[in-house]
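Based on the sequences and whatever the hints tell you, model everything.
Okay, here's what each chain looks like letter by letter:
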Amino acid sequence: MSDLFLLRHRTIAGLNQLSIYLENGGFKTWKKAVTAQKPEDLINEVKASGLRGRGGAGFPTGVKWSFLPNNIWPHYVVANSDESEPGTFKDREILEYNPYQFLEGLMLASYAVQAKDAYIYFRGEFWQIARRFDERIAELTASGYLGDHLFGTDYSLRIHTHLGAGAYICGEETALLESIEGRLGQPRLRPPFPAVEGLFGLPTVINNVETLTNLPVIIGEGAARFRSVGTEKSPGTKIFSLSGRVKKPGNYELPLGTTFRELIFTHGEGIINDAKIKAIMPAGASSALIPATDVALDTPMDYESVPALGGQLGSASVIILDETVNISDLVKDTVHFFKHESCGKCTPCREGTYWMSCIIDRIVSGKSKKEDIDLLLTVARNMQNKCFCALGEFSTTAVVSAIDKFRADFEARLES
Amino acid sequence: MNQLLRKHSLEVEKILAKYPPDQKRAVVMPLLHLVQQEDGFISRERMQEIAEIAGITTTEVASVVGFYTLFHDAPGARIKIQVCTDVACDLRGAREYLNGLCSQLGINPGETTEDGLVSIEEVKCLAACDHAPMFQAHIGDALEYHENQTVERTLDWLKSMIASMKSPASAVEKKTTDDGGSHE
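So the protein lines, in turn, are chains U and Z.
Using the numbering used here, you'd call the opening residue of the first sequence number 197 and step up by one each time.
Using the numbering used here, you'd call the opening residue of the second sequence number -17 and step up by one each time.
FYI, nobody ran anything at the bench for these hints, they're computed from the structure.
A couple of the hints might just be wrong.
What the hints assert, rightly or not - Cβ-to-Cβ under 7 Å is the rule here; a few derived chain Z residues that face chain U:
| hint | residue |
| --- | --- |
| 1 | Val10 |
| 2 | His15 |
| 3 | Thr41 |
| 4 | Phe53 |
| 5 | Val69 |
| 6 | Gly75 |
| 7 | Arg77 |
| 8 | Cys84 |
| 9 | Glu104 |
| 10 | Cys107 |
| 11 | Leu108 |
| 12 | Cys111 |
| 13 | Met143 |
| 14 | Ile144 |
Where a beta carbon is used, it is the ideal one built from N, C-alpha and C, also for glycine.
Below, the structure is given as structure tokens:
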């Protein structure tokens, strides 16, 4: 891994200490931006880099920034550190081991849209990490990298932490905003989009931790350097969180466009007990189940190629299933997860996840007749395109693809 | 007089300063965290005090407490163990681990031991999928991750924790424990 943009702490020991981050060129890009660059220079560089949002949607970051209206002020930037997708553990590694690069990225994003207050929304379980960030923010303020009239200019920036309290839905950006505002984490109707009416009703940029951590590289070393890795439409590297039935689970930062085969068999060292690989979930519990055929294994992991397999790259939390797994057990896990995390706002999701969980429990316990499989499929299909936000939609993805591709696993569980 | 405000006036002021003055409601969650860190749960009286500071009703505060999994409106066990049994952890033996641990303690998931010391709960994804089986423990105001667990390792840790709680001289240690592997 010669081109590490994000997990640089793996080659530079102690990078989570300010002195060492500074020794390695840290905050030079920040100082240069505030003292010598215009906000639009930053936006243009990020647009040229082709960076796409790493939280799951893959939307071009520079374009997202340019949606903020310049006649409504103040602007806010919010870092989404609510990492909760089952199978995703990349942001946690950045936050613990390379926190200053992330902070510098958040600061650059704030300068680009001229926000004077930025918030970091941490999931409640990251309580200790959030405390460390309070200390780091105080340290940066004392050192003159944050605060009023930075480097003698007119620009001021303050960063605040906000701690969630255990709700997956708060990773959805409008639910996250509700949660900062002191309300239940339930999504808002869009439009208006957060770029126009976001936090406290004002224009807001919301970016994922990994997205922001790319910015010091793009703005410091240039879009061309960033584009030297990855593919034309999916440039840069991506942290792939590999888990499930592999010998060596973990985070792997690789160029976008690396094949599933390389990730699973070269980096992950293959399947536990050298069993046969069965399926891939490329985007955590929200994924479609992709049968691990040769074609699938040789597919490049980027924003264009994975959809061709009927899945999504999402946040690239790659969960591997082998022949020892009965897919109906896995579907039971995903359905129960979404049932627990449904916020209760819209009926299709609240009721649908409940009924899916009743049916899958019956199937897995061996008390079902054949009709139950089709009943489960019907409930899932009836939820699709009817839920208020993506959570409800995602709760059906594994169900529908599993019954479509691995029906035999469900039939094996039926009452004989 | 608002006890919370009197006792933690500095801390409350710091929290208020994080948000625009006309958006006081945003202090609800940080204040709930503050109370829970001190009391271990959030009582009706404290909700009322938070409501006063945030300028909303006690019912609205209670609805926030009810919505989020990490807020508790009743005191729980001294050591709250939350085992992740989500997809990725389940694929690495988390369920067998949970069942083993529960049977050793003689309780079911969701229950507390008779002495009120330990409770075990099943939770979903804690972003540590590569180090399963794992659990998160709430002890007093601390929240710790314990990764790469076996039933034996957890029981050993529990024994030492309970021993340190029973001896008044030694305070409970507060740190994140990565008992096995590390991220590097």
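The hints, checked one at a time:
| no. | hint | result |
| --- | --- | --- |
| 1 | Val10 | holds, 4 Å |
| 2 | His15 | holds, 6 Å |
| 3 | Thr41 | violated, 12 Å |
| 4 | Phe53 | holds, 5 Å |
| 5 | Val69 | holds, 5 Å |
| 6 | Gly75 | violated, 10 Å |
| 7 | Arg77 | violated, 9 Å |
| 8 | Cys84 | violated, 18 Å |
| 9 | Glu104 | violated, 10 Å |
| 10 | Cys107 | holds, 4 Å |
| 11 | Leu108 | holds, 6 Å |
| 12 | Cys111 | holds, 4 Å |
| 13 | Met143 | violated, 17 Å |
| 14 | Ile144 | violated, 22 Å |
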